[in-house]
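Q: Input sequences plus hints: build the corresponding full structure.
According to the working numbering, the sequence shown is numbered sequentially starting from 1.
FYI, nobody ran anything at the bench for these hints, they're computed from the structure.
Hints should not be assumed to be uniformly reliable.
What the hints assert, rightly or not - No more than 30 angstroms apart at the CA atoms, straight line, and that leaves these computed lysine-lysine pairs for DSSO-like: (1) 398 with 346; (2) 383 with 280; (3) 383 with 519; (4) 513 with 487.
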Amino acid sequence: MVAPLSAWPWDNLGWCKYVLFGPFLGKAVYSWVYENNRIEYWCLHILMISLLRGCIHTLLISLGNMLFLNRNRRIIQRGVDFKQIDKEWNWDNFVLLQALIASLVYYSFPSFQNLPLWNTKGFITLLILHVTVSEPLYYFLHRYFHKNHYLFTHYHSLHHSSPVPQVPTAGNATLLEHLLLSLIVAIPILGSSIIGYGSISLIYGYILIFDCLRCLGHCNVEIIPHRWFESFPFLRYLLYTPTYHDLHHTEKDSNFCLFMPIFDAIGNTLNNKSWEEHYKISSASGKNGRVPDFVFLAHVVDVTSSMHAPFVFRSMSSLPFTTWLFLVPCWPLAFLFMLALWARSKTFLYSFYNLRDKLHQTWVVPRYGFQYFLPFAREGINKQIEEAILRADRIGVKVLSLAALNKNESLNGGGTLFVNKHPNLRVRVVHGNTLTAAVILNELPKDVKEVFLTGATSKLGRAIALYLCRKRVRVLMLTLSTERFQKIQKEAPADCQNYLVQVTKYHAAQNCKTWIVGKWITPREQSWAPPGTHFHQFVVPPILHFRRDCTYGDLAAMRLPDDVEGLGSCEYTMDRGVVHACHAGGVVHFLEGWTHHEVGAIDVDKIDLVWEAALKHGLKPVSSLDNNDNNNQNSS
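A: Below is the structure:
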């Protein structure tokens, strides 16, 4: 049975809970229209404060997840996983709760109805009440919640269930805890107003500063320099640090204060490591952190998808990418941010996770997808990729895997350009296409006799065609270049060459129900496929789902092993825990400890080897998982 006041009354409303703000807006509009142009400003103030609080938390969540700025200042060096993100999804419940409480307070205390804009005495009174009442009261209640087994288990353990404190963790608590916290926030505001020193600026200032300090303690990024405490030793008892509060989350029996460690010192609950840990983390902020073992070098697809990042909206990045309407107004800001990254002309750290106790990072080249097809931009893009490879080689990265456009054949020959230019690289450069080919090939029906292949002379198309012809599968290769077709045909064994057939028009596949699409095709070109055709694809962007009488496969992808830790963002449109096959190919290369570069043309003889290695290490084909789930549902 759920403990009283542990659950939120609007838990089942989802996004609809924000409708509860509607009466405030309705009251303000009604008063202005029907009550002699008198606006209920208190409703607007509640709405404005709630909006500002949401913006402050969202901004600080973004700052806390900007790994390219704070990776060496992080206190707990772990990623935030999907489980924690889901648990903290409704971190803003307290904003709605305190908005409702504020409306009750307004009607209960007439002194709130005629507050001035500013009152200096009010700020002095508020500071005294905060230090003498709110701080010790919070310390006492917080410590008591830890000492009392029932209270901790049923109420406070939720707040401590997050392994990596972040800004949303500050709001992730039960209803009872936030009711008590609302009382602590209200005491200085009510006290100042009751004795006649209240003001509107006092309410705004105290609530917003209170939120900023709460976020500071939970951000997991040490931003307070140790020199402050060296210059003013007593300051360490007046202002806590993120390190100080993180120790409370990791050890739980110390550092109970609200914002002022002096109360822990008085109560003899000050963790002895507080200042030592703060000094160690703060002084090491300018040094290089842990070196990643594996790096996936990604790129931006477009402006909209650039907002699908942990440092923009953490919750949205934990879901497969889609275009949200509320992101449209943010488009100009995203574009300006990208311009700033362009000017930086360096890759930046995007996300990370741990696999088999090894650190895996994603770096991003700050260039949009369309730029890769501009002739004048290629040299600059190759320079950035080369600098990323050399940086990885310099710091000791073992494997660097290239994302789709970063290994474009026309750009750098699938990575061959860099390997030839720098023959002494210690880092292994991998395009991952061998596993991409293996994923596509293993999605085909076992009894397939004929396939239609577009993009047939590309790196992937060539490997797929040669592999299938060895299996005695007839491959209709769509290409206008007889020379390129014949070159590939000659690579096939003599007794298999007749299984490769050159076609130049789409109507040649009007009786073939297995299409492998490696070049974007229009709805008109899709119309040549017979009903019941399945479109396998390795084309970026994916083709449009035009035919209702046909089925469409997703881009080649694999699910990471179950023991992956700290993964909290989806890779573009992929599901949680699923990555593109080229990313997975780099992971397999690293886990196997292979010492060769995987660049240029795909070695057809290694397709089965890479596939078996992927399965051995716990990577799972997404299509097989989906089919198994469907089969299980049908049998049920």
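Q: Out of the numbered hints, which ones does the structure contradict?
A: 2
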